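**Q** Chains C and P: place on chain Y using the hints.
If you read the protein sequences in the order shown, they are chains Y, C and P.
Take the first sequence: its letter number 391 is residue 391 in the numbering used here, and every next letter is one higher.
Take the second sequence: its letter number 50 is residue 50 in the numbering used here, and every next letter is one higher.
Take the third sequence: its letter number 64 is residue 64 in the numbering used here, and every next letter is one higher.
To be clear, the hints were calculated from the coordinates, so they are not data collected in a lab.
Quick caveat, the model's predicted, so the values are computed rather than measured.
In this text, a Cβ means the ideal position worked out from N, Cα and C, and glycines have one as well.
Check the hints yourself; a few may be wrong.
One-sided excerpt, in silico: chain P residues whose CB lies under 10 Å from chain C [claimed, not checked]:
1. Met-16
2. Ile-30
3. Val-34
4. Ser-42
5. Thr-57
6. Ala-58
7. Leu-61
8. Val-75
9. Leu-76
10. Ile-77
11. Leu-78
12. Ile-81
13. Arg-97
14. Gln-113
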Amino acid sequence: MISEHLPVLQVVVPLLAGPVCLLLRRPSANWALAASVSWITLAIAVALLVEVRRAGPIIYQLGGWAAPWGIEYRIDHVNAFVLLIVSGVSAVVLLFARASVQREINNRRINIFYTGWLLCLTGLLGMTATGDAFNVFVFLEISSLATYLLISLHPDRRALSAAFHYLVLGTIGATFILIGIALLYMMTGTLNIVDLAAHLPPVAQTRTVAVAFSFLVIGIGIKAAAFPLHMWLPNAYAYAPSAVTALLAGTATKVAVYLLLRFLFSLFGPGLSFEQYLLDKILLPLAAVGIISMSVAAIYQTTAKKLLAYSSVAQIGYMLLGISLASVTGLTATVLHLFNHALIKSALFMAMGCVVYRIGTTQLASMAGLARCMPWTMAAFVAGGLSLIGVPLTVGFISKWYLILAALERGWMWLAALVVITSLLAVAYVWRVVEVAYFRHRESCAEVAEAPLSLLVPTWLMIAANYYFGVDASLTTGVAGRAAELLFGAAP
Amino acid sequence: MTGLAIAGLNKLFSAVMLFGIYSLLSAALFVALDAVDVAFTEAAVGAGISTILMLGALALTTSRQRQISWHRHGSAIAAVSVTGAVLLYGTADMPMFGDPLVPALTYVVPRYLEQSGSEIGIPNIVTSVLASYRGYDTLGEVTVIFTAAVAVAGRLGRYRAGEDGPVPGAGMAHHLILRVVTKLLLPMILLFALYVQFHGDYGPGGGFQAGVIFAAGFILYGLVFGLESVRKVVPPSVIRILCASGLLLYAGVGVVSLLLGGSFLDYDVLAEDPVSGQHLGIFLVELGVGITVAAAMISLFYAYAAYKGDTA
Amino acid sequence: MEALGHFNYWMVVLLMMIGLYVVIASGNLIKKIVGLNLFQTSVFILYISMGKRAGGTAPILVEGVVNYSNPLPHVLILTAIVVGVATTAVGLALAVRIYSAYGSIEEADIAEQDQSNSD
Chain Y
1 MISEHLPVLQ VVVPLLAGPV CLLLRRPSAN WALAASVSWI TLAIAVALLV
51 EVRRAGPIIY QLGGWAAPWG IEYRIDHVNA FVLLIVSGVS AVVLLFARAS
101 VQREINNRRI NIFYTGWLLC LTGLLGMTAT GDAFNVFVFL EISSLATYLL
151 ISLHPDRRAL SAAFHYLVLG TIGATFILIG IALLYMMTGT LNIVDLAAHL
201 PPVAQTRTVA VAFSFLVIGI GIKAAAFPLH MWLPNAYAYA PSAVTALLAG
251 TATKVAVYLL LRFLFSLFGP GLSFEQYLLD KILLPLAAVG IISMSVAAIY
301 QTTAKKLLAY SSVAQIGYML LGISLASVTG LTATVLHLFN HALIKSALFM
351 AMGCVVYRIG TTQLASMAGL ARCMPWTMAA FVAGGLSLIG VPLTVGFISK
401 WYLILAALER GWMWLAALVV ITSLLAVAYV WRVVEVAYFR HRESCAEVAE
451 APLSLLVPTW LMIAANYYFG VDASLTTGVA GRAAELLFGA AP
Chain C
1 MTGLAIAGLN KLFSAVMLFG IYSLLSAALF VALDAVDVAF TEAAVGAGIS
51 TILMLGALAL TTSRQRQISW HRHGSAIAAV SVTGAVLLYG TADMPMFGDP
101 LVPALTYVVP RYLEQSGSEI GIPNIVTSVL ASYRGYDTLG EVTVIFTAAV
151 AVAGRLGRYR AGEDGPVPGA GMAHHLILRV VTKLLLPMIL LFALYVQFHG
201 DYGPGGGFQA GVIFAAGFIL YGLVFGLESV RKVVPPSVIR ILCASGLLLY
251 AGVGVVSLLL GGSFLDYDVL AEDPVSGQHL GIFLVELGVG ITVAAAMISL
301 FYAYAAYKGD TA
Chain P
1 MEALGHFNYW MVVLLMMIGL YVVIASGNLI KKIVGLNLFQ TSVFILYISM
51 GKRAGGTAPI LVEGVVNYSN PLPHVLILTA IVVGVATTAV GLALAVRIYS
101 AYGSIEEADI AEQDQSNSD
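Excised from the complex, chain Y in its bound form (with noise of 0.2 Å):
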């Protein structure tokens, strides 16, 4: 019986544990409620996963009203990964997340911080479960106002105005999405993806669908920091509480470009999204700006957790650059390195957050020599800089793999040269890294001793999750090639 409501039960048991976790008073108690339900939440996307695999898509009316009339939540291979990549990352992460955050955040807002936890992953999960195009917007709301809350519980003052500058951008995005939901609306009459992608093609060559379409797409470039609309995000990762960011860096802007997946394919199709309306054309130039100029930006900054936030705007660039490929084979590489890049970049952050939890900052300049000290924490960050690098055993491998595959498809050499080129500049950002921590002399490691367990074993098992799927790719490929069907059209 259980069963058949899983879909429901994704994003209910986290939301109905937000209210939940006010309550209790218990620090320990407000995190083992929510890593409890967050594992939770990973076994049912497994669950969900396994059945996709098995049987197909599955579909569930809210409320006993079937849709258009009611809203429904419709799982495929698509979104049961990126309901994998989602809890899973916060399953892992809220591992870590006890240590860290009892260092960071001040102890009488520990039930808020876990229930704004627990209240982002409702939005995230409800986001990417839902087939309704308004329940979009209601669940992104949800999932931005915990995110501006949990960016800014850091004692830090620049974590305020960074949550200040990330709310008054995400609401300007998120009013963009509604202004796209309601053009659609009026020329269609229904909020149901599927039922609206059935409904587009007779009013698909009107000016108010091409402006609605621009309007989706801004609004969601936005949420996914898309260059060059991603200001907002380096210094809300960088003032960040550390397993904050390792949160969102694995969770918020792979759901923003799963939903503008979603958008272009399943709700517009790629006749309309690429042909017509040549997005393809713009998205291809501006990922490559964005991929090479943000990368040479990583390599000029000054704290760690600045320049890997440059680095995971870069790393959206491949995203995009994989869409714009308009190719199956474009599709798979987005939608694995929506997966990759998720256990990179949480691996890479959960190391800062070891350091950030030693020395109290990710600041270069303090790091000299740390490597000497906390031999583990600095060890894991070279494994996963390796793998945000693309050396080939590590999920980054997989990805650029992919990505160079469908640019030599398409007969475009110099766009493999791109992928390969820009890794270089991949190497010269974690070598900053490197080289300081490892080359640079330390006085002495009186003061700091290598992080805790409860540290870096989280941090370690996100890394093993790097090498594991590194080597044995045929899960992530073998789903995502059947997703950049699916969102193509192709299968059956």
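**A** Okay, now just chains C and P, sitting in the frame of chain Y:
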């Protein structure tokens, strides 16, 4: 027109007051466009809650702002013009205003108009759609307001009693007339809130509007008699429990319907026959909405009113 | 009627532009929030306008009336109004905290202070 004035004003206080007026005007416009429920909410929220929040924020910060540099003007005008031009371009193919044959009125909606009377059995179609057909959206909406209450309390509030010392603004308790009027008004406001809560099935209103009015009653009391006395009547810890329990009640209805063999938030299974099940379900979720909204609004008031300087 | 057919939508665009302009141009954090509210309210009017049916009445079932305006946008906008006020509340709370941390709610001052003691 009011909007233009807001953009031009440098005094933040006047800008906020104008915003309140603008909200009331748009509420009037919504009535003209047949959206009575929306008008009700906009008047209560835009002209009421938002304006109060803005004034509260101004009181806690400063009400002067600096001149905008010309450079910013330029880039802002450029960005805005592009957006506006794109939208104007889009209006060209829009259906005419008021046209009854547009897709938005001929597809999906007829079912609500024609069937909701027999499927749900309450006259206010907005309530039917809100609480049942799209009840899940409304659950999300309650979660949003809950999140906001948590966020504001997390950033401004200090919940534990006794920590605060004397609370600023002992109110206007020395004004005899104000006190008497408030005491007379309060029961009426609360009664009206209850009426709006339970009359939402038949006329404009429902849990959200009722929650706001209910909270407004308490806020009035707090303004006149001082924060301390209203906190004695409803302590912040009670508010927090109420805020969470409203959301839990709403989601709980969903879980119960799930346990009874329906899908999540399917009210049909809650009673012997579907229509009375729908009645019960809508009654309960609206109650959940009302409780959370009222508690959230009161907690916002507490957070802003009790805030004094750094509590990091 | 023909000429006025899009008048509401034009007004919406105008209001939206003003709101967005206030958000982008003003350096004052609270003014930005006021601008966001203007911007959002214009979208509310967009939704409600498209729900209007000529000669229709409010969507509350009454014996003998068949011509109702569209209730669905009303429902969506009820939700959107709540989302709007929630965002406003959180944004203003952040602004208040920023004021006590920086002593200013002007973007320029805040950026300057961040510059002077940046890592």
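**Q** For each hint given before, does the structure comply? Return the numbers of the non-compliant ones in rising order.
**A** 14
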